[in-house]
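Quick note: the sequence shown, position 174, residue 174 per full-length UniProt numbering, numbers continuous.
It is worth saying that the hints were derived from the structure and are not from the lab. A portion of the hints provided could be inaccurate.
Straight-line alpha carbon distances no greater than 25 Å define the calculated DSS-like cross-link-like pairs of lysine-lysine that follow [stated by the list, open to error]:
(1) 77 with 192
(2) 206 with 234
(3) 77 with 139
(4) 211 with 228
(5) 211 with 139
(6) 244 with 77
(7) 244 with 6
(8) 211 with 234
Across the chosen pairs, the derived CB separations fall in these ranges [what the hints assert, rightly or not]:
(9) 270 with 225: 14 to 24 Å
(10) 95 with 61: 16 to 26 Å
(11) 107 with 5: 35 to 45 Å
(12) 107 with 159: 39 to 49 Å
(13) 249 with 185: 26 to 36 Å
(14) 209 with 147: 47 to 57 Å
(15) 274 with 249: 17 to 27 Å
(16) 8 with 271: 18 to 28 Å
(17) 166 with 65: 30 to 40 Å
(18) 94 with 185: 25 to 35 Å
(19) 148 with 235: 39 to 49 Å
(20) 258 with 61: 54 to 64 Å
(21) 49 with 271: 49 to 59 Å
Computed from a prediction, not measured in an experiment: that's the story for all the values here. Ideal Cβ placement from N, Cα and C applies to all residues, glycine included.
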Amino acid sequence: MEELIKEYLLSSLGVLLTALGLVIFLIPHNIAAGGASGLAIVLNKLLPLSVGIWMYIVNAVLFLVAFLIIGFDFSFKTIYCTFLLNFLIDLFDRIVPIYKYHGEEVILAVFFGDILTAIGMAIAFSQNASTGGTDIIAKILNKFFGAPFGLSILFIDFAIGISAGLVYNIDTGLYSILAIIVNGTTIDFVLKGLELSVNVWIISDKHEEIKNFVTSELERGCTVFEAKGGYTNKERIALLVVLKRRELHELVNAIRRIDPRAFFLVNEARQVYGEGFKEII
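Work the whole structure out from these sequences, hints included.
This is the structure:
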């Protein structure tokens, strides 16, 4: 239960940052950086309802279509984050006045809007949540046409950016496409920092002490392998430890203290599933 509460709190923080990035920087300059928010910005030009209201309509329609076509394939956390984002955008855009950047330097709006939204979305993604939107269309295309999920999202977002250029002006369309590219790159960069784990192979004569440190101090699992030295033909014990990158420094210091002659190898692990890491959903 404690872990679940933590996931929802972090997801909510991510959604809040995303909403602030959109309301403060992107929406005032009509930057349609993909997703349901980008589509809502385009529709706002055609029929002047607020972006928040349009997002309610767009997401409600998309979830209904997805339910009818591919069945109910979304976690409660995704639905929660989707409509929390709608609510916060509508709240800050129409009801609670907050600062909005209306400066002439649109590139600043793209840059800072993307930074905020990308960090927020990456935090939500790291908690196994998403904000719905064009993900739903991509799922439908994937099911019926076999279109790759990631590529479908990219094409849909680019289509939204091009649409912004058609309904507003060419500059707005170009800024929207730039925002889509920067947003995707930034999300990947932030996720790498948030989720990156490492696996460490350790060979040491003091393997028992190192194993005890890993299991008791770091509270991580440790797999023990019987190994044989290729040069010495000596029977050895090898330990495999998987942990978050931020924990690596503590492990390295412990190995130095316990056995300065230990041999260990560190590999990057982009995604790790199982107890203590990401859940398989």
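Outcome of the hint check:
1. 77 with 192: Satisfied, since the Cα-Cα distance of roughly 22 Å is no more than 25 Å.
2. 206 with 234: Since the Cα atoms of residue 206 and residue 234 sit roughly 15 Å apart, the hinted pair holds (cutoff 25 Å).
3. 77 with 139: 17 Å, holds
4. 211 with 228: 19 Å, holds
5. 211 with 139: 44 Å, violated
6. 244 with 77: 24 Å, holds
7. 244 with 6: Roughly 17 Å separates the two Cα atoms, so the pair holds.
8. 211 with 234: 20 Å, holds
9. 270 with 225: 14 to 24 Å: About 23 Å separates the Cβ atoms of residue 270 and residue 225, which means 14 to 24 Å holds.
10. 95 with 61: 16 to 26 Å: Taking Cβ atoms as reference, residue 95 and residue 61 lie about 23 Å apart, which means the hint holds.
11. 107 with 5: 35 to 45 Å: This hint holds: roughly 39 Å between Cβ atoms.
12. 107 with 159: 39 to 49 Å: 23 Å, violated
13. 249 with 185: 26 to 36 Å: Cβ of residue 249 to Cβ of residue 185: about 27 Å, so the range 26 to 36 Å holds.
14. 209 with 147: 47 to 57 Å: 53 Å, holds
15. 274 with 249: 17 to 27 Å: With Cβ atoms ~23 Å apart, the hint holds.
16. 8 with 271: 18 to 28 Å: Roughly 22 Å apart at Cβ, these two residues keep to the hinted range, so it holds.
17. 166 with 65: 30 to 40 Å: 24 Å, violated
18. 94 with 185: 25 to 35 Å: 31 Å, holds
19. 148 with 235: 39 to 49 Å: Roughly 47 Å apart at Cβ, these two residues keep to the hinted range, so it holds.
20. 258 with 61: 54 to 64 Å: Check passed, 60 Å falls within 54 to 64 Å.
21. 49 with 271: 49 to 59 Å: Distance hint for residue 49, residue 271 is violated at roughly 40 Å.
Violated hints, in rising order: 5, 12, 17 and 21; the structure is consistent with all others.
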